[in-house]
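Required output: the full structure, derived from the provided sequences and hints.
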Amino acid sequence: MFLFLFALLWLPLAHADNRPAPEAATGWQPQPLVQADQAMVVTANPHASRAAQTMLARGGSAVDAMIAAQMVLTLVEPQSSGLGGGGFLVHWHQEEQHLTTLDGRETAPQQAPPGLFLNDQGQPMGFMEAVVGGRSVGTPGTPLLMWQAHQRFGVLPWRELFAPAIDLALHGFAVSPRLARLIAQNRDSLFKDPDSRRYFFDPQGQPLAAGSRLSNPPLAALLTRLSIEGPSAFYSGKIAQLMVDKVQSAAGYLSLSDLEQYRVQQRPGLCFPYRRYKICGMGPPSSGTLALGQIMGMLSHFELSKLGPASPEAWRLMADASRLAFADRNRYAGDSDFVPVPVDGLLDPDYLSERAQLLKNTQRALPSVAPGTPNGQRPAAPDTSPEFPSTTHISIIDARGNAVSLTSTIENAFGSRLMVQGFLLNNELTDFAFVPEVDGVPVANRLQPGKRPRSSMSPTLVFDDQDRLLLVLGSPGGSSIIGYVLHALVNLLDWGMDVREAIHQPHVLHRGGALEMEPFGRNLALAPAMAALGFEVRTTELNSGLHLIMRTAGGLSGAADPRREGLALAAD
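The opening position of the sequence shown corresponds to residue 0 in numbering that gives the first Met the number 0, with each subsequent residue numbered one higher.
Hints in this document: simulated from the structure, not taken from any laboratory. Honestly, I wouldn't trust all of these hints.
Keeping only pairs whose Cα atoms sit at most 35 Å apart, straight-line, the calculated DSBU-like set for lysine-lysine is [unchecked claim]: (1) K277 / K359; (2) K305 / K359; (3) K305 / K277; (4) K237 / K191.
This is the structure:
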């Protein structure tokens, strides 16, 4: 009977909140622990890591290396990020001891209606109906984000940073197993756009196989123009018109004025204490650092170091703290330029102590969770918008001690599936609430013209009790990013793992639906224990892409996630 129940436990359960399926898995590829004296880079693809390493070897800054890597990722990891998307950048300037956060998130077109994703009956569209085509495309931010970061923190000439990507685009690269698998998985939707069809499929209409040689002369031409003219080559003129024409011909609202008016926003960095550390990242419209601050603020009331990573009690605390944080996130988080987001109240120690008390009052899973009312805040209507897991992350420390944590995205795998000049346009608008109000109460994350959709991207820097940079990390993964980064931090800061060990552990995370667990390692024993505590357990591949660099007594240690195709490289 026990074996029968255990087998049932491991069957994937229906998800209460109907979350999108994770990206296709690449397969487990154990990654080494990489050591360096002063400089290191970790990205999602070996070509991008080598491009970044080259810039650091030439004396470039962390930002120079980041730009070179992101341009290469536009080519070799087109399903995850690129010129047609957006991102969040967290930068540490070692000499000035200054933290900067730049918001290059996409914005809603000025003409986009609030009910963009409602059908003729006033009901929310299906996910893929909303994603594929022009209506989901927001104004891209990545090119201007790269430019402004370089204006602030670049050392090498702007033009030089594009050379690796241009060379690869002209001479070609081998399609990776992950890219090939995702092309096949998304065959029907990619086929709808003629440019995507020509690029990702052979003349017989078959998806490109792993190892196929793929070049991209149109992208090489655009990158060359960007390297010479700067972002004006993207936000005005021929390329801008091509984007607008493609989007508007596919039921979208992007206009030339949206592109011309786009701005990168410098935001105040959001930092919170945990044990003897300070953890910093992006504030709204990201909900990532805010949710992490809430979860870890609750966990600070418990001695996780004594419980250890095999303890069901430790994971009960992390799971229910996450549930409470997600309840608040779904009520309050959004673009603070448009809606009030009670950041101070949500991170207030007294408020988090009250929320932690809920975890102390029971030894089992909380039967239900509800958003709190920090500072007497009146909650907005609830929102459980899907957030798709196709994103990338770059972690870099340069020889000067400067650091970059960049998470960038086009949202779903291959974004809107619309290709222009060799790059894909995002589907970022599906990160807004599909239903703008509930019972007459507005949703904080509702679509409004010029607004940036809520995100879970969590580019993170950690400082020790002497305010010295200790960690650079982040991950792709949609709303799972919060759990991925949380577990890496607990593995490192509470349980004393090295960076390689930390990201080779099986994931356990809770986003408000089921408790999601990877079916290997300690989770094989942990799963029945969590079910016995009252959690609905669902096993699934959790394809994080954690990229970590940690400062140690001997220099730097770094590692890439074994679940994807990333690479950590020393760059001394």
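Status of the hints after comparison with the structure:
1. K277 / K359: Status holds; Cα separation ~25 Å.
2. K305 / K359: Satisfied, since the Cα-Cα distance of roughly 16 Å is no more than 35 Å.
3. K305 / K277: 21 Å, holds
4. K237 / K191: Given pair K237, K191 holds - Cα atoms ~23 Å apart, limit 35 Å.
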